[in-house]
Structure formats: structure tokens, C-alpha cells
Amino acid sequence: MDFGPHLLLAVLEGGVTAAVLALTAMGLSIVFGVMRVVNVAHGEFYMVGAVLAWYIATALGGNPILGFMAAIVIAPLLVGSLAAGVDRLILRRINYDPERTIVATIGTLYILQQTTLMTFGPDPRPVEPPFNSRIALPWFDWNQNGLEFYYPWGLSITSYKLFVIAAAAVILITLWFAITRSKAGLIMRATQQDSDMAQAFGIPVKTVYSVVFGLGAGLAAIGAVLVVPIQQAYYLMGHDPLLLAFIVVIIGGLGSLPGTIIAAILIGMADSIISVFFTPTLAKIFATLLVATVLVFRPTGLMGKSTA
Amino acid sequence: MTSTAKSNTLHFGLLFFLAIAFLVLPEYHSGNLARIMILAIYAMGYNVLFGYTGLLSLGHALFFSAGMYGLGLTMHLNGWTPAPAFVAALLASTIVAAIVGFLVLRTTGVAFMIVTLMFAQAGYLTILYFGTYTRGDEGFALQQATRQLIGFDLTNPSVRYYTALILFSVVLLLLAYLVRSPFGRTLVAIRENGERAKMLGYNVTAIKLQAVILSGVISGASGAAYALLFGYAGATFATVQYSILPLLWVLVGGAGTTTGAFFGVLFMTYLIDYASGQTNAYLIVVGLVLVAVTLFLPHGIVGTLRNKYAGWLP
Amino acid sequence: MILSTCGLTKAYAGVAANTDIDFDLPVGQTRAIIGPNGAGKSTFVGMVCGRIPATRGSVSFDGTDITTMAAHERIRKGMAYTFQITSVFQGLSVRENINLAARRRLGKNKLAVTRKTDEVLERLNIANRSDQLASNLSYGHQRILEIGMGLAQDPRLFILDEPTQGLAESEVDDFNQLMKSMDAETTILLIEHNMNVVMAVAEYITVLDQGMVLANGTPEEIRANTAVQEAYLGTGHG
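Residue numbers (the working numbering), protein chains in the order written: chain G, 1 to 308; chain U, 1 to 314; chain X, 1 to 238.
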């Protein structure tokens, strides 16, 4: 394949990465924005979402569409409840102290990951997508006949991948409306602004925190359920999404939906393109150093409010 | 007994116990203990920054592996002997710690944790990227013939054990001295109230940088010693896991205590050893212990002893 | 002059906390800075000791321009500073708190540090509490401890930000005695709201209002100054 089509492919794949990344990062961002804590176990909630999707799809047997639909509804709810439980049992008791929360969520990371290893096992397992037709994509060629379109071999995308991008967009738009227009969203934003003040106004801050923590994990799980028919469910699959989500949140700005979307698109595309044209390892080196550099030279504004 | 005398008794007592332990323990356990002592050096290095200065780094594997590869590569690729290779390792970790420290100290709190994590990740990925030299995750072995020091064969169990003990003693006694010294007390002051320390005339940033470098060098020494005594260097030691382990060890043993690091490594090593006999998901004990310690025993074993019964514990 | 400022100004995004402050402090004087809330007293003093960077203007200490000098370096030059909201080492003992203050100057000389700490503990009458944790002290005693930390540095310029706030009456009297007993070579600059303390202790007063110098004078002159009275009572301001 020539450069042009190759780039288009990378961009489209990047779109899928960006879509899932936007959902995952949004979850992390909301938690950090409202609760001022970093959930290091975020990637594991994502992974559990994918694993649960596998269990649900397998349990429902034959029809992949039914399995998928059940998974996309049930798995995020289960993961969200699990996360809310973690908040109630652990985070609340350490009073959301930033340092102790990091340690506690690292512990949670290991617990979730290893429990999955014990039950689900070490092998990646596939989930069938609900639909998966191949759509060939055209590319153009500028020659003596003028502008001519042709279908390069290997340049295609699947209908499912397009669906993932569309689904992510719909969910994020719904989330945007919920946060900015609904009463629940207002309560969330009030708690984010000033939790003491919110408490004084009768807002049950502790409950809000549990809900927000659950919501954050649930968003990651939705992303995972969307991606699992493309990748596979694997007990270590939470590691890379965590790293990328971190990068997106730090660059895009916490709690800001537009910022997260833009950063997710940038990072998703960059990761995909660099991976395609160079190596995935180089892409990751670039990404991690980028985050470090941003934080070193702009430590306030992003993390400024929660400096311990 | 004055508290200094008690402190000396404790430290020399521990070293004495470790010295005779080799003679009474079966080889499996003395082998374990040698490894535990080397990793305890790493934990003590981490403790300087976390327990005493109050800075939580999530990237110390970078320093550990700087030492490991500093010694490993010079011996494996350049044929250096252990002594100059060890110096190279110390130099490597000093330089890495100085550069990273200079950049990282511009951040505080959560940002500090994330930046250290990111630098360590970049370090790990770089080791993978240069796989032709480092052999990546697979790593490389250091041949027995090369691991000789002034006539002693470091692969011999007793030589290995007592070399580990000597290194451990040096670092333990250094730490014990540091804690009572003006520098050590200043670190604690910075941990307790950095703004107040600054307004007493202490150059807090410069002192923190010194702490990062000291912590980094000790961690690097541990990495180099590990490669030298156990004959292997690999990228696994640069992963996030090896940044979280010293945090775990220090938390369990007791941050801000001199002996806590050792007891933390001892406890967790045997716990993981036991768990790995039960399930291949043995790392779950890491998770459970981290959560339990954070919830119920935030001062760790030695720290809780100090708070409840023996206030003199260093 | 041990301390001089020239046109010292601090503006936060359009809000002027301090505007063009010219200030001269002779060696050995006890100067009080007073003014209504929000007058910019703490901001001014913050710029002097280096905690707050100035937007404009200069500060010189003992003839040296320290405008761009870092806070810790200014302290090393001979300033001591107590915070408006008491800031000590809560987790450490009273003795170690003062040790840390003394040790910065006296360094490795353990004997000198111990001697200085004992001296300060005696002078402030808290020797019997030397092994207590600072967090276990009453607020008033913590403030006294902080003053002790300043004394342990043998400062040339001692800056105190509302030192008597939260002290019991007897403690305030002790404070006044302490200030008066200070070495003639030590210059004292204190922000105070307690007018009794100001009248008892200050040789000269600077009044700030709305970020600017309103008046300078002896206690009697300031007491009689109508502009100062208006500033405090708020009459005549739109």
C-alpha cells in the first residue's frame, strides 16, 4: 500500500482508538475532577468490563447481537457497582487522602487483576462482534485521466469499527447533556467546585462520590465492551488504556469534556499513526515523555488544586 | 540507656543475628535472605525519599535498573570486572537521579507521583527499544567466571551471603547515622512542614534534590548488587511492579524507620513465596496487603511498634 | 536603614494589593504596621521576606538589593518570620522545633545548638514542655513556640505577622515584655491589630490602608491622626 492509503488506514484505526480512549479518559477525568483523587485501578475496571462482556456473551450462547447488547448494558452497571463498593469500603475510610488513595487503588489494581487471572485465566479470549461486514474504502489517484478513484487492496474498515466510533460519540454527547443540563449533573458540578459548600447546602457529598466513582469506572467499562470484539478479553489489557487515559486527562485538562475529546483524538491518532509507521514502543516512549514534560512545565492548573 | 545507645544495639544486634543466620539456616532460606538483604537496600534507598523526606515516587525502578544495567552492560558487553562495573553503576544512577530529580522537583503531590511514574515507564520502554544490547524482557546472564571479586567467587553461597550482608550493613549504618545527622533532621522537617523549613532559611529544593540523588544512588547500588550476586539483568526490573514493590515494603515495614525496610522485604518475600505455592495469581497478596496496610496499619510494623510501645525506635 | 522598600507594588490580575510602598526601617527600631482588614499588611510583609514576588518596586536589606532573592536566602541574611496562622512542625517535639531553627545557623555544632535551644526555652518559659509534641500544645503555646523559633535564629530583623492573635491576656503581657527585652540591635517589624500591644511596644508606626501608606509617626502622632481614625471607622470612604 502506498503512503496515502496507509495513512488513511492509520487515521481510521486511530479514530477507533480515540473513541474508546475518550470514554475511558472521561471516566478518569470525572473522578479526578470531582473527587480530586487518582484512581490507579481505572485500567482494571476497564479490563473487568471486557471480561464480564465475555462471560455475558458466552452465557447467552449463540446470538452475537443479543450477547453484545446484554453485555453493553449489564457489564458497565456491574463494574460501576463494584467501583462504588470500593469507594465505600476503602476510599471513604481513608478520607480520600491523595497519597493513601493512590496506594489503596494500586492495591485494588492488583486484587482485580489477579482475581481475574485466577477465574478467567491467563489466555486472551475473543468475543464475537454483533456485525462485522468489510467496507472497502476508495483512494484517489491523480493521473492523465484526471482524478480517479480506486479501491486499494487492504484499505478497508469494518462496519463494527464505524459503529464503535458512532456509539462513543453518542454516549459522550449524552454525558455532556447529563452533566450540563440535568439536576444530577448540577449536583456533581457543585460538589466539584466546593465540596464543603455543597455539603452545607444539603448535598450528600459521600453518596455523590460513590456515584461518581462508579460512573467513572462504568464509562471505562463501556469503552472496554465496545473494544473487546476488536481486541480480545485479557487479564492484562488494562495497562495500556490506563497509561493513555492518564496522558489524555493530563493534556486535555481534568473534568473538561471538550478538552478530553480533543486530547483523546490527538493522542489516539498519534499513537495509531506512530505505531503504524514506526514502532508501538517508540510511540509509547513519546507519549510518556510528553506527559512528563507537560506536568513538569505546567504543574499548576492541571494538578494544582490537589497538591498534597 | 540513651536512645543512641539503644539504636546502636538494635542495628548491630540485627547485623549480628544476620551474620550467624547463615550458619544455622538451610541453604534455601539463606539464599532467600541474601536476596532479601539486597532488596532491603533498595527499600532503604526508597525510604530516604518516601519515609524521611515525604516524597512518594512511583518511578524508583528507573534508579534500580540504572544500577543494574550500569553494572550488567559494562560487564556483559565491555568485559569489565565487578569493581569498576559497580562504580559505573553508581555513576549511572547518580546521573539519572540528578537529571530526573531536577525535572521532577518542579512538581508536587499527585503530579510528582505521575511524573516519576512516566519517567520510569520511558526508561523501561527505552531498555526494550535498545533490545539488541539489553536483550529486553529476556535479559542476559552474567557468567560465573566474571563474577569474581578479589579472589572470591561471588557465586559461592557463603561468599554471596556475606557480600550481601556487608553491603546491607554499610547502607543500614549509613541510614542510621543519617537519621541523627543535621541533614536527616532537615529532611524530616521538610516532610513535616516544607513552607516552615523554607522560612527558617533552608534551601528546600536543593535539599530535596540531594535526597533524590541519595535515594537514587542507594537504589542503583541495590540493582547493581543484585545483578552481580544473582548473575542476571532483565527489563522486568524496570517495570512499574519494581517501582511499587519498594513502596509496599516500606509501607509494610514502617516508613521513616531504619529497620522497617528490612522487615517489610522479609515479610512480603515470605508471604509472596507462600502465596505462589498456592496460586499462580500470587500477586493478589500484594494488592490485599497494600489495601490492608493503608486502611489499618498506616505506620507499618515497626512504625506501629514505635508509636505504641517503643518511642525510641529509630 | 536595615530595611528599605521603594515603590513596592503587588497587583493580582487587576486587584492592587499594595501600591508604591516606600518604607524605611532604621536598625534597632520596633516598628508596627497597622491598618484595617485588607489593607495589604501581610502582602507587604510577604514581599519583604520573599514569600510573595513583587510586581514592581525594590526591597533592600542592609544595603543589599534583595528584590530577586529567594525567600530562604533572605532568611539566611538575617531575617526571621512568624506566620499569621501559626506554622510549626506539628509532629515534632518543642525542643526539635527550636533545634531546627537554631541548627540552620549553628550547623553541626551540637553543643551550640543545644545551648541556644535551652536558652530560648528558658526565656519563653516553656522548658517544662520541651519534650511535648507541638501538636499537643494549646494554640497560644504554639504561637509562643513559633516566636521561639524566630529567636533561636538570632535575627537582625524579626518580622511577626499578628503574633498576639489567639494569646491569653497574661501571654500578651509576656509578649510585650519579651519585645521590650529584645536586643537593641534587633529590629522588629510587627503587624498587629491589638492596639494595646502596639502602644506598649512600638517606637514608630506605619499605617496602611487600601494597599498604600496612609501615615507614619510615633504612637501619639498616629493616635491623634484623623485620617487614620477615619480609615479604621470607615467614615468618608465611598
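Check before you lean on any hint, since a few could be wrong.
What follows is a set of in silico ranges between Cβ atoms, one per label pair, in the way DEER data are often shown [what the hints assert, rightly or not]: (1) G/Asp240 with U/Leu91: 32 to 40 Å; (2) G/Pro64 with U/Asn280: 41 to 49 Å; (3) U/Tyr129 with G/Ile135: 30 to 38 Å; (4) G/Pro64 with U/Gly79: 41 to 49 Å; (5) U/Tyr274 with G/Pro280: 30 to 38 Å; (6) U/Ala310 with G/Ala70: 55 to 63 Å.
Reference listing, derived: stretches of chain U covered by chain G, where coverage requires no fewer than 3 residues with Cβ under 8 Å from a Cβ of chain G [unchecked claim]: (7) 109 to 122; (8) 209 to 219.
Bear in mind the hints are in silico, worked out from the structure with no lab data behind them. These figures come from a predicted structure and were not determined experimentally. Even for Gly, the Cβ is constructed at its ideal location relative to N, Cα and C.
Now for the hints, and whether the structure bears them out:
The hinted window of 32 to 40 Å between G/Asp240 and U/Leu91 holds, with their beta carbons roughly 34 Å apart. About 31 Å separates the C-beta atoms of G/Pro64 and U/Asn280, a value inconsistent with the hinted range of 41 to 49 Å. The beta-carbon spacing between U/Tyr129 and G/Ile135, approximately 36 Å, falls within the hinted interval of 30 to 38 Å. Against the hinted window of 41 to 49 Å, the Cβ-Cβ separation of G/Pro64 and U/Gly79 comes to about 59 Å, which falls outside the hint.
Taking the beta carbon of each, U/Tyr274 and G/Pro280 are about 37 Å apart, inside 30 to 38 Å as hinted. At roughly 58 Å, the beta carbons of U/Ala310 and G/Ala70 sit within the given window of 55 to 63 Å. As drawn, the region 109 to 122 of chain U meets chain G at 10 residues by the rule of a beta-carbon pair under 8 Å; at three or more, the given contact holds. With a cut-off of 8 Å between beta carbons, the region 209 to 219 of chain U has 0 residues touching chain G; three or more are needed, and the interface restraint is violated.
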